[in-house]
Amino acid sequence: MNKNVMVIGGGPCGLEASAQLHKMGYNVILIEKEKQLGGHLAKWDRLFPEGIEAKEVLQPLVDNINGVKYFLDTEVVSINLLDKEYNVILSNGITVLSKAVLMTSGFDLFPAEKKEEYGYGIYDRVITNADLEKFFATGKDPRVVENPKRIGFVHCVGSRDEKAGNRYCSKVCCATAVKQACEMKALFPDAEIFCFYMDLRMFGRGYEDMYLKAQKDYGIRFIRGRVSEVSETLEKQVLVKAEDTLSGKPLKVTLDLLVLMAGMQNAKSGIRIGEMISMKRSDDGFFTTKGSILSLQECDKAGIFYAGACTGPKTLPDTLNEARAAAVSIHNYFNKEN
Amino acid sequence: MRERIAGGYDNFVIPFMIGIIFLLVYLFIGLIRILKHVPGEDRKRLFLSFVNPKIIIKDLRDIICDCLLHVKIFKRNILLGYMHASIAFGWFMLIVIGHIEVALFVPQRNGSLYYPVFYRFFVAEQNYTLKGAFFFFLMDFFLLIVLGGVGLAMYKRVRSIAMGMRRTTKPCFADRVALYCLWSIFPLRLLAEGFTAGISGGSFLTKPVNMLFANFFGNDLNIYPTWWAYSIALGLFFLAMPFSRYMHIPTEVLLIVMRNAGLKVTRPRKGFAEAEIYSCSSCGICLDACPMNVQKKNINYSSVYFIRFLRRHNTRKINEIADKCLMCGKCVVLCPVGVESCNIKMAQRGTVTEKLPYDYSYLQEIHAPVKEKKEKVLYFAGCMTHLTPSIIKSMQKIFEAAGEDYYFADSDGGLCCGRPLMMAGKKEAAKELIKKNSELFMASGCETIVLSCPICLRVFKEEYRLPGIKLLHHTQYIDSLIKEGRISVNKDDTSFVYHDPCELGRGCKIYDEPRNVVAALGELRHASKEKKESICCGGSVGSLTLNFDDRAKITRESIKALTVENPDKIITACPLCLKTFSDQSMVPVNDIAEAVAEKIA
Chain A
1 MNKNVMVIGG GPCGLEASAQ LHKMGYNVIL IEKEKQLGGH LAKWDRLFPE GIEAKEVLQP
61 LVDNINGVKY FLDTEVVSIN LLDKEYNVIL SNGITVLSKA VLMTSGFDLF PAEKKEEYGY
121 GIYDRVITNA DLEKFFATGK DPRVVENPKR IGFVHCVGSR DEKAGNRYCS KVCCATAVKQ
181 ACEMKALFPD AEIFCFYMDL RMFGRGYEDM YLKAQKDYGI RFIRGRVSEV SETLEKQVLV
241 KAEDTLSGKP LKVTLDLLVL MAGMQNAKSG IRIGEMISMK RSDDGFFTTK GSILSLQECD
301 KAGIFYAGAC TGPKTLPDTL NEARAAAVSI HNYFNKEN
Chain B
1 MRERIAGGYD NFVIPFMIGI IFLLVYLFIG LIRILKHVPG EDRKRLFLSF VNPKIIIKDL
61 RDIICDCLLH VKIFKRNILL GYMHASIAFG WFMLIVIGHI EVALFVPQRN GSLYYPVFYR
121 FFVAEQNYTL KGAFFFFLMD FFLLIVLGGV GLAMYKRVRS IAMGMRRTTK PCFADRVALY
181 CLWSIFPLRL LAEGFTAGIS GGSFLTKPVN MLFANFFGND LNIYPTWWAY SIALGLFFLA
241 MPFSRYMHIP TEVLLIVMRN AGLKVTRPRK GFAEAEIYSC SSCGICLDAC PMNVQKKNIN
301 YSSVYFIRFL RRHNTRKINE IADKCLMCGK CVVLCPVGVE SCNIKMAQRG TVTEKLPYDY
361 SYLQEIHAPV KEKKEKVLYF AGCMTHLTPS IIKSMQKIFE AAGEDYYFAD SDGGLCCGRP
421 LMMAGKKEAA KELIKKNSEL FMASGCETIV LSCPICLRVF KEEYRLPGIK LLHHTQYIDS
481 LIKEGRISVN KDDTSFVYHD PCELGRGCKI YDEPRNVVAA LGELRHASKE KKESICCGGS
541 VGSLTLNFDD RAKITRESIK ALTVENPDKI ITACPLCLKT FSDQSMVPVN DIAEAVAEKI
601 A
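Chains A and B supply the protein sequences, listed in that same order. The first sequence begins at 1 in the numbering used here and counts up by one. The second sequence begins at 1 in the numbering used here and counts up by one.
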């Protein structure tokens, strides 16, 4: 019998799921639209809460898929159900018949230029969390001046923001902001660093400690209040206006660098595939799972499975757990069918 | 010419007399009530307007054009206009000619309410005298016109789209009573006059009816029932009128006179507003106009129902609709009567919000900046534009290219213009900001203020007193720069469609300048609804309660209307429209300033 499993998306989730399924004896076909494996993880420098290097996590994941057939720079051209199997045509000309399809298509970062009032793409000193990770990794970004005196982080950019179309919390940005703020302080000890937040959601193990350390050891200033608008001064610095809702006063501060913590939204590439066989999506844009507690890995269409951020924002450990859970769900699906 | 009935009275006039006396008393009391609730200053203004020949001429012209000929409806749809005009003007002429006949032939009956109406019953005339034939012909002619209108009205009930209306209002009980009476009045009049035509005379319409029926019924016994029925239909119509939509017929005259005298809505239910409310004819043109009615949802939020609830004093519903409205003003410009429902809604919001506390004491500490130079042009971006910094950057580039010596008034953020507060009903709070801003502008010594936000521009034009200062939206300013050759732009074959922002188009009547500018950049294409019919982008700050899903639907509808001719780019001239469209549009959206700055030579 054909034991093909199609895995769509070669980020950490797709890698982990492929490795597990391969070990279970399935014939995994993994596709990735980019030229390299690893998804967002490959573009990240360090991970919260301890600051482990992203490479250290990604390398074992990549090593583990030994024996899995994978195609880079490949997209799904069409997918449709033939009898009990999905017929997937790939952009490299290959057609796969597969009983189970696992969506590990992940997330896109919220396009920060949509929040035009923050000036991303308009002002020279405004970057995103992803840009900053790239700066950490390469040490190069023309927008980061030599010795920044004041740096600001804006939380919830495109998250918990109905006007931006995303009402939900993106879960990882608070911890990322605290991590990045500390790293910046370590790089530029003389800089004053501000975090503009609505709430700080330090829910995970070790997160609260990281937050306390940021205040005590790094002297990061946390200001509760949303940034209302950003403008540019003649010296090309950015002038940030916000309200400190704890003191109830409006606040103006001139910064040398402003970092926007762009949130997550369902990946466009995943949505495109979902629409081909009308996989349901909820109001927040993420795929709807069969159940909200017991069957998180299944779609209501038999043979389609989900893992990772395509069903909502998730941390990396959560995502990897879902990848393993999905492998088990797929295994059970094959056994039941026999 | 002789009176047929001695004493000039018959019992069948009783229903008519009951109706007309009730109506006249009702109108008189209503008029006194409205005048009582109008602020003293406005009352004086109203009385003064009666001795101002200019206003009197305007009053007369408006009454003839709007109440009788319905010119505005003609412009919208010829058939719909003809329907309204034929009934209104035809009926008016029947009444006037009736009175002329009385005055000419039976002057002793002058002043009687019923005599001119039932003239044919009371007076016998031979149609072969020249005078008789002339009036017989006129009366039959206008009766025919009215009957044609009534026929169209009946047809409209069945198929409103034939008259350009996708939706019509649901009539309430009194509306139905009045409507069916109105439908029956004129056919009954034809029958009644037809039956008496053998005795009293008639013309091309009534004579044939007389001959036809004489063959069936033979004698004149059927005369009385039809005259009674005609009188009853009239009486019932007048009795139902104050409680029905037809109250707009007498009230509209008052509204025109008050509006031309310069009166404004001060309270949501009383005084001038009451005249507006009763002038609503419930025609339902605002149903199709309202952007909230996309996909037949929220149809109850239209102005016509808002006004109906105001008439019924349903406070919960009144507040709900008043808060929902986007204040785009489309229903106001399309309203054939010109009911300014947005103003009533703002006044209604005020009944709730004016009581809320506010503290603008900090305004005292703000002083006009000390400037070294006295720039003649002042740029005021406004808070919305500060949320779309690319517009500011583009404007700076344009100012520089034109070599303009300008002062950026709110580069560091300015005071709110007050319009959002006005729209929320907080008039007093808005006035404090308006006062302070005016002081600052007057102290600046500028001659022109260029604004990027139409929301600011509107309140500047309507509420600010800035003598000697010219107010320009940046579309107008850029248009003049191009015309005067101070900047030049590279035209290419990009195609554009221009979106009229509500506050700039309907609010400030600026339609042509932005189109001139766009045409200078490339090819200007059309939207399916544009200029005063333009659809709100959905992002309006006017609504206090409309949720994001409903707003998104409006945005999609608006984009659909803009992209019917597949333009390469949507151009708008309001920072709020820009933000709203950018989130949803597949076609790139730019402010006019961005598009110009990009192509500056």
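Think of the hints as simulated: they come from the structure by calculation, not from any bench. Errors might be hidden in some of the hints.
In silico SDA-like links for lysine to any residue, alpha-carbon gap of 25 Å or less [said to hold, decoys possible]:
#, chain 1, residue 1, chain 2, residue 2
1, A, 249, B, 416
2, A, 23, A, 283
3, B, 270, B, 33
4, A, 23, A, 332
5, A, 280, B, 557
6, B, 560, A, 283
So, going through the hints one by one against the coordinates:
1. A:249 to B:416: Cα-Cα ~17 Å, so holds.
2. A:23 to A:283: Not satisfied, since the Cα-Cα distance of roughly 36 Å exceeds 25 Å.
3. B:270 to B:33: At roughly 9 Å apart (the allowed maximum being 25 Å), residue 33 (chain B) and residue 270 (chain B) satisfy the hint.
4. A:23 to A:332: 15 Å, holds
5. A:280 to B:557: 24 Å, holds
6. B:560 to A:283: 22 Å, holds
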